[in-house]
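Peer 1: In case you want the letters, here they are:
2 protein chains.
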Amino acid sequence: MTNDRQLRSILFAAVLLILGACIGFAAVSIQPAVETDRETLFQVSTIDALLQGIYDGSMRFDELASHGDHGIGCGDRLDGELLGIDGRWYLIRVDGRAYPVAGTATTPFAATTFFDPEIEIAVGKPMALTDLENRVRDEFPSENYFYAIRVDGTFSEVVTRSVPAQEKPYPHLALVTANQTVFSLKNVTGTAVGFWSPGLAKGLNVPGYHLHFITTDRNAGGHVLDMTLAEGTIGVDTTKNFSVVLPSSGDFLTVDLTGDLSEDLGRVE
Amino acid sequence: MTNDRQLRSILFAAVLLILGACIGFAAVSIQPAVETDRETLFQVSTIDALLQGIYDGSMRFDELASHGDHGIGCGDRLDGELLGIDGRWYLIRVDGRAYPVAGTATTPFAATTFFDPEIEIAVGKPMALTDLENRVRDEFPSENYFYAIRVDGTFSEVVTRSVPAQEKPYPHLALVTANQTVFSLKNVTGTAVGFWSPGLAKGLNVPGYHLHFITTDRNAGGHVLDMTLAEGTIGVDTTKNFSVVLPSSGDFLTVDLTGDLSEDLGRVE
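Protein chains in written order, with our numbering: chain A, 1 to 269; chain B, 1 to 269.
Derived from the structure by calculation, the hints contain no laboratory data.
In this text the structure is predicted, and so the values were computed from the model without any measurement.
Backbone N, C-alpha and C define an ideal beta-carbon position, used for all residues, glycine too.
Where hints are given, some of them may not hold.
As the list claims (entries may be wrong) - Label-pair ranges, simulated between beta-carbon atoms:
| hint | chain 1 | residue 1 | chain 2 | residue 2 | range |
| --- | --- | --- | --- | --- | --- |
| 1 | B | Thr-104 | A | Thr-104 | 43 to 51 Å |
| 2 | B | Thr-254 | A | Asp-37 | 48 to 56 Å |
| 3 | B | Asn-179 | A | Arg-137 | 55 to 63 Å |
Said to hold, decoys possible - Covered by chain B, per the in silico footprint, the following chain A stretches (three or more residues, Cβ under 8 Å):
| hint | segment |
| --- | --- |
| 4 | 195-202 |
| 5 | 220-226 |
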């Protein structure tokens with residue numbers, strides 16, 4: 001009987017010890033520095049590297065997705081326009097169709113953040129892209145921060161583009177987009193997802209607006225060339241910190257990133 | 001007796017539960033993503049903001065120090081040249097003396113990382129700054145990364161400068177450095193601490209080398225204008241990621257960061 005009681009006591013103690021450890025883990029698991037990360041634009045490589053043909057993927061999508069639920073970029077070898085919305089990631093390929101990405105696939109250039117809009121604008125009448133951009137910019141507390149942008153609604157037209165996967169030796173991006181495939185989506189519901197980047201990000205990202213689009217049924221979309229919002233809502237998330245992970249191997253090591261490629265950028269956007 | 005035993009059992013259970021929770025905490029506390037952070041250059045504000053007189057401190061030194069043990073920058077209101085070595089932070093003020101910083105004081109511009117050199121170079125004969133810079137650059141795997149640099153040794157001469165605290169309205173940095181105080185430290189032992197930043201960081205940080213100096217007795221130093229190493233060792237830590245925290249208030253919000261200020265930068269370095 002005594003042995004039984006001792007055994008019961010030991011088991012009881014062990015259960016309590018494990019339970020306590022679980023409480024410890026559970027309490028700590030709330031603590032990671034999530035607050036900062038949610039307000040950070042996380043970026044892979046630089047736009048000036050992409051402009052010069054650095055198209056080999058350098059980060060897995062599952063790692064990218066751990067840094068945000070909202071984002072844009074492109075696929076490995078430039079195979080499609082990337083869009084992340086509500087934590088789901090798609091590549092819109094040159095056939096204009098949206099494909100869910102595999103976590104093990106990689107991206108050569110992408111930016112993401114967790115989308116927590118502080119500014120919301122309801123749009124009740126048709127608004128051209130330039131008017132929408134100006135309307136949103138009026139809300140910015142400063143033009144020196146990044147802003148994550150999301151436009152949900154019905155669009156009378158969205159003009160998008162995509163590009164095909166490239167083969168080595170990779171041509172510069174301006175040569176690829178000269179042969180881009182353009183789509184006109186009329187009277188569609190969907191979401192434009194992207195960023196406004198400040199001038200201080202020149203060379204790293206695309207200064208000004210950069211939006212990709214996906215339909216509500218998640219079937220089609222692309223890089224936004226033009227759009228007219230019929231009605232919908234615009235959300236804006238101010239993002240004051242940014243973090244860049246550079247490719248650790250390949251052609252990135254030797255590409256010349258000292259120049260001013262803003263003219264090249266003008267040709268591809 | 002039964003009540004006593006019950007009380008003892010409850011106390012025993014409580015102790016085990018707390019002990020278990022502590023084990024849980026202790027196990028988790030080993031887990032933060034330290035590995036990535038050690039290879040990240042962490043930066044406050046941008047050089048182009050500093051060039052235009054954004055001198056109000058925006059981050060406390062204790063927060064800065066949580067992101068690195070090696071770094072450079074400047075004090076609030078430009079009051080001194082900042083140097084972080086082995087996790088200890090100093091401001092070298094316009095009197096040429098080094099003062100330990102208070103954790104509650106702030107910096108308007110600084111960069112730091114945890115210094116883990118993969119490259120070490122022993123120097124046994126006198127080496128001028130330009131030769132040292134070329135020698136170190138020959139070791140870089142790529143000119144598109146940041147490198148934390150540390151030079152420990154005896155120097156036949158180190159020419160440094162510092163600047164005084166500024167009053168509002170703040171003048172541009174080129175006007176301040178036009179009246180900088182220059183020091184010549186001869187036959188000193190000490191350490192030059194700083195970074196080599198890639199061209200892709202133009203506008204954010206100082207492309208090329210940027211070193212500050214402190215004597216071994218931690219009494220004097222400043223921003224390095226020139227130096228000749230008599231003998232010593234050079235350590236280099238490749239840093240492929242970078243993270244920028246922008247000031248969240250003040251004059252930063254309205255300063256124009258769209259231009260190319262490389263000529264201004266040439267005048268102050």
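Peer 1: Hints first: check each against the structure and report whether it holds.
Peer 2: The hints, checked one at a time:
1. Thr-104/B / Thr-104/A: 43 to 51 Å: Holds - the Cβ-Cβ distance for Thr-104/B and Thr-104/A, about 46 Å, lies within 43 to 51 Å.
2. Thr-254/B / Asp-37/A: 48 to 56 Å: At roughly 27 Å between Cβ atoms, Asp-37/A and Thr-254/B fall outside 48 to 56 Å, so the hint is violated.
3. Asn-179/B / Arg-137/A: 55 to 63 Å: Violated, since Asn-179/B and Arg-137/A (Cβ atoms, about 39 Å apart) do not stay within the stated range.
4. 195-202: Three-residue rule met by the segment 195-202 of chain A, so holds; n is 4.
5. 220-226: Per the Cβ count (0), the hint is violated.
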